[in-house]
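Enquirer: Read off the chains here:
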Amino acid sequence: MASVYGNDFGARAETSSDEPQSFLDLLAGEGRVEPRDEMPDAYRRTLVRQIAQHAHSEIIGMQPEGNWISRAPSLRRKAILMAKVQDEAGHGLYLYAAAETLGVDRADLLDQLHDGRQKYSSIFNYPTLTWADVGAIGWLVDGAAIVNQVPLCRCSYGPYARAMVRVCKEESFHQRQGFEILHTLSHGTPAQRAMAQDAVDRYWWPSLMMFGPPDDDSPNSAQSMAWGIKRFSNDDLRQRFVDMTVPQAEALGLTLPDPEIRWNEERGHYDFGEVDFTELFEVIKGHGPCNAQRMSHRVRAHEDGAWAREAASAYAQKQAQKQAEKQLVRTEGAA
Amino acid sequence: MTTPPSSSSPPLRSSAEQLGRDPGRPGAGLTAYVLGLADDALVSAQRMGWWISRAPQLEEDVALANIGLDQLGQARTLLAYAGEIEGDGRSEDDLAYLRDEREFRNVWLVERAQTDFGVAMARLLVFSAWQRELYGALASSTDATLAGVAGKAVKEVAYHLDHASHWVVRLGDGTEESHARMQAALDAEWPFVPELFEPVDAALVAEGVAVDPVALRPAVLARIEAVVAEATLAVPQVAPAVGGGRRGLHTEEMGYLLAEMQHLARSHPGATW
Ligand SMILES: [Fe+2]
Ligand SMILES: [Fe+2]
Chain A
1 MASVYGNDFG
11 ARAETSSDEP
21 QSFLDLLAGE
31 GRVEPRDEMP
41 DAYRRTLVRQ
51 IAQHAHSEII
61 GMQPEGNWIS
71 RAPSLRRKAI
81 LMAKVQDEAG
91 HGLYLYAAAE
101 TLGVDRADLL
111 DQLHDGRQKY
121 SSIFNYPTLT
131 WADVGAIGWL
141 VDGAAIVNQV
151 PLCRCSYGPY
161 ARAMVRVCKE
171 ESFHQRQGFE
181 ILHTLSHGTP
191 AQRAMAQDAV
201 DRYWWPSLMM
211 FGPPDDDSPN
221 SAQSMAWGIK
231 RFSNDDLRQR
241 FVDMTVPQAE
251 ALGLTLPDPE
261 IRWNEERGHY
271 DFGEVDFTEL
281 FEVIKGHGPC
291 NAQRMSHRVR
301 AHEDGAWARE
311 AASAYAQKQA
321 QKQAEKQLVR
331 TEGAA
Chain B
1 MTTPPSSSSP
11 PLRSSAEQLG
21 RDPGRPGAGL
31 TAYVLGLADD
41 ALVSAQRMGW
51 WISRAPQLEE
61 DVALANIGLD
71 QLGQARTLLA
81 YAGEIEGDGR
91 SEDDLAYLRD
101 EREFRNVWLV
111 ERAQTDFGVA
121 MARLLVFSAW
131 QRELYGALAS
141 STDATLAGVA
151 GKAVKEVAYH
161 LDHASHWVVR
171 LGDGTEESHA
181 RMQAALDAEW
191 PFVPELFEPV
201 DAALVAEGVA
211 VDPVALRPAV
221 LARIEAVVAE
231 ATLAVPQVAP
241 AVGGGRRGLH
251 TEEMGYLLAE
261 MQHLARSHPG
271 ATW
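Keeping their order, the protein sequence lines are chains A and B. If you count by my numbering, then the first sequence holds residues 1 to 335, one letter each, in order. If you count by my numbering, then the second sequence holds residues 1 to 273, one letter each, in order.
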């Protein structure tokens, strides 16, 4: 699977043999595929799955941070956090809308999330145990999301690429806010500093896992690259994230929990330790600390809201009917 | 209107004194009035925040977050102003996080936990209709700061009222089930309406600083009742709740709300965030 919120979904690869010439020409010219253009079914299915899983990640991602809205330690932080979680809902909206241009609908995609047929990024199956986790998520998780998503702004599918442009602008704001939370904590009291270090200790490795399995284990990428959906390999993106983050950790005065991190003059990159993917695969399989909780929260919200959604559509139907009746009376009156 | 700062550190207060932070002090009436408005907005925002990730649809997560953010913004400006008038150097965060339950002056309408979307919309209808009239009148307060806050807030709460009205109408005139649930929600919130109209400091009203809540009653009820009628619902006939929020008397649920909201800030005295 190509790069999404994280690359860790492990979905199966699709390949395509029958590709319309107009589609191949568009790709060759780095043009954008638009909803009305001809496209191979496999390309369409891959995009639907990727965009849907990305959208699901945005809305499930509201939960770990939403967990701290009621407890934010200052009113300013509360306002920033509410706005951030609201942005994530907005990202979900843009992305479901982008998926709908491919001929699916949001309600159906949500059903697939709720019954487990579609996944979301595993990073959101980790708990937010302290206020510093809100900072760590902003800094590391939104930071990793940016590295994954900036290349998607050039994705071959127009609506997805355009949604990503809007999303990325907001994600970089989120990342700065997260950095600022951690900076304040690491320059605060000893207890605050310890809280910040603990959060970074817990979120560092899961953030690296957001880029998905190593390239050797990621046979799906080739097709997505050929389709212009994916631009860089998992390992390249992971390296880019590490290179971006190490100097920021130094600026924060916090230690990344990897003794092998050091600048490699020859490569022009930071070396870092090997990621233990066995944990990621356990979390993907549903054994993470919060998988069941995240799903039951989402399903409950959906089920508890069913009556209101039904009422809204019943009301809309009644109004449409009234409108039609009025129209009829007017036409008959004129005749 | 300003108050000279107190010259000496205050002695230990009895709980009765704490309620009004020395009710005899000049400006104490205005501080209490502003805190009432601030606490209504703050506590309402705190309850609204619960909905983000729990709304019936994604658009509603966004809308309720918007409304909560507006309310929080109003609360912050008003709390900062209350701290300024009080003159003890208390910041918006000191007032939000370090006051005890008996010092909060919000009405009961906003403080009770709610997990039903119909209840949330019934409450928002009542609260925003009231705030719409209140801020509309307060925009011409003789107190320039209050007039400024109200002038900005009145546009925000007009949107809240519009949003709540749309939902109450859709739920009331939707399905049989939603009609029954919306009526029940309205019935549940209705006992908390009269507290909004309890009189405030008469001197402040006479000076044109505060708005007389009693005078707002007809217009507020007219707004609500128009929506209730369009929603094919009935205006509830229920006895009013006791109330007492403006005097620092709250429901038992208020303590839990504050415990959750204040816990982290209070666990790290003197820390900045
Ligand atoms: Fe996002
Ligand atoms: Fe974000």
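Since the hints were made in silico from the structure, they are not lab data. We put the CB at the ideal spot given by N, CA and C, even for glycine. Careful, some of the hints might be misleading.
What the hints assert, rightly or not - Interface residues of chain A toward chain B, partial, derived using beta-carbon atoms under 8 Å:
1) P73
2) L75
3) A79
4) Q86
5) A89
6) L93
7) A314
Enquirer: State for each hint whether it applies.
Expert: Here's how the hints hold up against the structure:
1. P73: Since chain B brings a Cβ to about 4 Å from P73(A), closer than 8 Å, the hint holds.
2. L75: Given a least distance of 5 Å, the restraint on L75(A) holds.
3. A79: holds (5 Å)
4. Q86: For Q86(A), the interface hint holds, since the closest Cβ of chain B sits about 4 Å away, which is under 8 Å.
5. A89: holds (4 Å)
6. L93: holds (5 Å)
7. A314: holds (5 Å)
In the structure shown, no violation is registered for any of the earlier numbered hints.
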